[in-house]
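Colleague: Here's the letter readout for the chains.
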Amino acid sequence: MAQEKKKESAMKRRWGMAIDLDKCTGCGQCQVACSQENNIPLFEDDSELLKRVVFLDVMKVTNDRDRAAQYPNVKTAFIPKMCQQCSGNDPKNPKPPCVSVCPVVATDVGDDGVVSQVWSRCIGCRYCQASCPYEARQFNWWKPEYEGSFKESLNPEVSVASRGTIVKCTFCSHIWKRERDKMLARGVKDINAVQYTPACVSGCPTGAMVFGDLNDPASEVSRLAKTDRAFRLVHTIDTWDEAKKKEAQAKKDYPNPKVYYLSSQQWLRDMMRFK
Amino acid sequence: MKYLKQAFDFCVNEWKSYSKNIQITLLVLGFLVAGFLVFGIQILFWGLGYTDMNNMFAFGQWIIGDLGLVALGGGAFTTGFILYIFRNDKLEPLINSTVLIGFLCYLFTLVFLVFDIGQPLRAWFGYTYPNWGPGLMPQSMLTEVVWCLTFYFCVLFIELIPIPLGHRLLDRYPVIHAIGHYMHKLMWIMAAVGTFLSFFHQGSLGGGMWGVLYGKSQWFRPHFFFLAIVMATAGGTSFMILCAWLAGKVMKKEVVPMESFQSLAKVSGIMMIAYLVFNAYDVYSMATKYVPLYDRTFVDTWGGYYGIWMLVLEFLFTLGAIVILVVPKFRNTEKTMVYGVISGVMAIVMNKSITVLHGSSVPNFPWKPFVGYNPTIQEWFVFLGGLATAVLIYMWFAKYLPLFPHADKHAHGEEHHA
Ligand code: SF4
Chain A
1180 MAQEKKKESA
1190 MKRRWGMAID
1200 LDKCTGCGQC
1210 QVACSQENNI
1220 PLFEDDSELL
1230 KRVVFLDVMK
1240 VTNDRDRAAQ
1250 YPNVKTAFIP
1260 KMCQQCSGND
1270 PKNPKPPCVS
1280 VCPVVATDVG
1290 DDGVVSQVWS
1300 RCIGCRYCQA
1310 SCPYEARQFN
1320 WWKPEYEGSF
1330 KESLNPEVSV
1340 ASRGTIVKCT
1350 FCSHIWKRER
1360 DKMLARGVKD
1370 INAVQYTPAC
1380 VSGCPTGAMV
1390 FGDLNDPASE
1400 VSRLAKTDRA
1410 FRLVHTIDTW
1420 DEAKKKEAQA
1430 KKDYPNPKVY
1440 YLSSQQWLRD
1450 MMRFK
Chain V
3 MKYLKQAFDF
13 CVNEWKSYSK
23 NIQITLLVLG
33 FLVAGFLVFG
43 IQILFWGLGY
53 TDMNNMFAFG
63 QWIIGDLGLV
73 ALGGGAFTTG
83 FILYIFRNDK
93 LEPLINSTVL
103 IGFLCYLFTL
113 VFLVFDIGQP
123 LRAWFGYTYP
133 NWGPGLMPQS
143 MLTEVVWCLT
153 FYFCVLFIEL
163 IPIPLGHRLL
173 DRYPVIHAIG
183 HYMHKLMWIM
193 AAVGTFLSFF
203 HQGSLGGGMW
213 GVLYGKSQWF
223 RPHFFFLAIV
233 MATAGGTSFM
243 ILCAWLAGKV
253 MKKEVVPMES
263 FQSLAKVSGI
273 MMIAYLVFNA
283 YDVYSMATKY
293 VPLYDRTFVD
303 TWGGYYGIWM
313 LVLEFLFTLG
323 AIVILVVPKF
333 RNTEKTMVYG
343 VISGVMAIVM
353 NKSITVLHGS
363 SVPNFPWKPF
373 VGYNPTIQEW
383 FVFLGGLATA
393 VLIYMWFAKY
403 LPLFPHADKH
413 AHGEEHHA
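Top to bottom, those sequences are chains A and V. For what it's worth, our numbering labels the leading residue of the first sequence as 1180, then goes sequentially. For what it's worth, our numbering labels the leading residue of the second sequence as 3, then goes sequentially.
Fair warning: there could be bad hints in the mix.
Claimed, not checked - Distance condition first, Cα-Cα at most 16 Å in a straight line; then the derived EDC-like pairs of lysine to aspartate or glutamate: (1) V:Lys-187 - V:Glu-94; (2) V:Lys-370 - A:Glu-1358; (3) A:Lys-1425 - V:Asp-297; (4) V:Lys-370 - V:Asp-302; (5) A:Lys-1431 - V:Asp-297; (6) V:Lys-370 - A:Asp-1449; (7) A:Lys-1430 - V:Asp-297; (8) A:Lys-1423 - V:Asp-297.
As the list claims (entries may be wrong) - The following label-pair restraints were derived from C-beta to C-beta distances: (9) A:Ala-1429 - V:Ile-310: 49 to 59 Å; (10) A:Ala-1247 - V:Met-139: 45 to 55 Å; (11) A:Thr-1385 - V:Ile-43: 48 to 58 Å; (12) A:Lys-1430 - V:Pro-365: 46 to 56 Å; (13) A:Glu-1324 - V:Pro-122: 12 to 22 Å; (14) A:Val-1211 - V:Pro-365: 20 to 30 Å.
By construction, these hints were calculated from the structure, which means they are not laboratory data. These figures come from a predicted structure and were not determined experimentally. Beta carbons are placed, not taken as given, at the ideal position from N, Cα and C, and that holds for glycine.
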């Protein structure tokens, strides 16, 4: 039994994503796919933006930060942002900002690096929400409701949350479980990124989103994450030299997300830095 | 029917015996408590959508209330420790009131926590599925808070028992008298246990809980845990003086001798110096060491509604408390001493507001603005109504139970004279 476990851990994947912002048109298809897949509530009046539940938010960013950019130099980009599946300094011993804080173990990191959240265990204290630097955790301020016939199209694989609980993107881990079970039935013990793809990635019409295993150096996502175009959201430590980085990491953990963004536009990369 | 009439007459007579000011105070408190009930039910049954908290601003007024109440209620452990362990008998007249305030502070902390969590019916998960982690120490600061708070609440409850037992109706019975007497004698054990527990949860709820959030530049600093303990001893003692002094003013008699107040005020003043030094180091280390780790500057993390003025005010209040409570001339004058303790309490309230309001308002992305927060009527009523309930309980104790043995002795003495 113990041996089998060891074999399994040797196959461990580390799921990650790379999103090419230069290819993203901001169409919002990823958000729609995510919402439908994950039973995101749909209120009649969804205008209360700060209390809305969305796992994937498409953020609009412009270079007009200080109202200084003039036509025709104003630039805009869209950043699809979901849970960044942080790992902390050491991905082998993951320590996302949001996991150790939970008082009731409603959230954990799987051995594939995905940060889970169990709706029905959550007591709604929102401590994890305060701890998340990427605003990825959402609280059900109101009772989730589904307008009109939406109730009939709910996804049976994802539980509908109760009011007063925290929910978040789990890289559609229910798809992973479903596909893994299918493959196991066929005797295959490992699954790859083709069999398991989160809804947002399948939904993207321009191919801006790539999903895969960061542990596999040959995977596309690994390759993209290593290119010069890659950066991570507000994670400027990536640009520091090695010595400074080491020194900083000795003082504290860094989120170290597994979602990479790609862009050749310097202004967009500059936007990742607080002035 | 006869009893109902008697009870009604009793109430009417009681009401008539109160002065105009007390009647108005009671009406205001009653109004707040009624609001607390109505809006409390709304929040518990229809959820936190009725608050102004949101996905950007996860914590609001009730959490400030929690942090403030626990820190200020922390005066109970300091006072108990100084009285029972250091044997400073001057604090004896203050101790009953102190224990009661501590108890009420913790009680309402728990009440506010229950309102604040989205699933109050799952509150017991904190005990049944605690996040202990692999070692002896809890992994989540909030697990530590829940357990420690509960234990200390029980300790305060036990410390509270001798007060009603001292009521003359009960004290007549030799058995009850003996129980009360021996409980009082053994109270140093509770004081020691309470101090031990307090060190942990004061540190964790007041500071550690925020200090561990390594993703957030506005909160992260490893020493925050210890700063919160110093803060609670400094501000809590001021708060204990303030409450007892207010009670004396309302009851129009000397409930606690000035000497006791001054003795505790001195402790508060000295702890305020420690707090000032530690707090200055805190700001310095945030500016030079911790915030730069995030590639941000300290000053830039301040803005929006909750600017750096809050920090300046906090320092001014601390300085005010130090000057008044440490210099004997000011401390020994009743009026200035009261200003001193108010200043001390305000310094703590300011610090807690900074932690919650400023902390929650800081943007996480460079392209986002500071977030504002404007509590709704529901939040105000639950908050103020909760505090009003605590005040009413305190008033009840002060009127009907031997909360201030010194005042009782005094009053009996006067009777004898007459
Ligand atoms: S993005 Fe937020 S929710 Fe996701 S792992 Fe990081 S801290 Fe946790």
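Colleague: Run every hint past the structure and note whether it holds.
Modeller: Against the structure, the hints come out as follows:
no., hint, in the structure
1, V:Lys-187 - V:Glu-94, "holds, 12 Å"
2, V:Lys-370 - A:Glu-1358, "violated, 38 Å"
3, A:Lys-1425 - V:Asp-297, "holds, 15 Å"
4, V:Lys-370 - V:Asp-302, "holds, 13 Å"
5, A:Lys-1431 - V:Asp-297, "holds, 13 Å"
6, V:Lys-370 - A:Asp-1449, "holds, 14 Å"
7, A:Lys-1430 - V:Asp-297, "holds, 14 Å"
8, A:Lys-1423 - V:Asp-297, "holds, 12 Å"
9, A:Ala-1429 - V:Ile-310: 49 to 59 Å, "violated, 30 Å"
10, A:Ala-1247 - V:Met-139: 45 to 55 Å, "holds, 50 Å"
11, A:Thr-1385 - V:Ile-43: 48 to 58 Å, "holds, 50 Å"
12, A:Lys-1430 - V:Pro-365: 46 to 56 Å, "violated, 23 Å"
13, A:Glu-1324 - V:Pro-122: 12 to 22 Å, "holds, 21 Å"
14, A:Val-1211 - V:Pro-365: 20 to 30 Å, "holds, 27 Å"
This entry does not satisfy hints 2, 9 and 12, going by the numbered hints stated previously.
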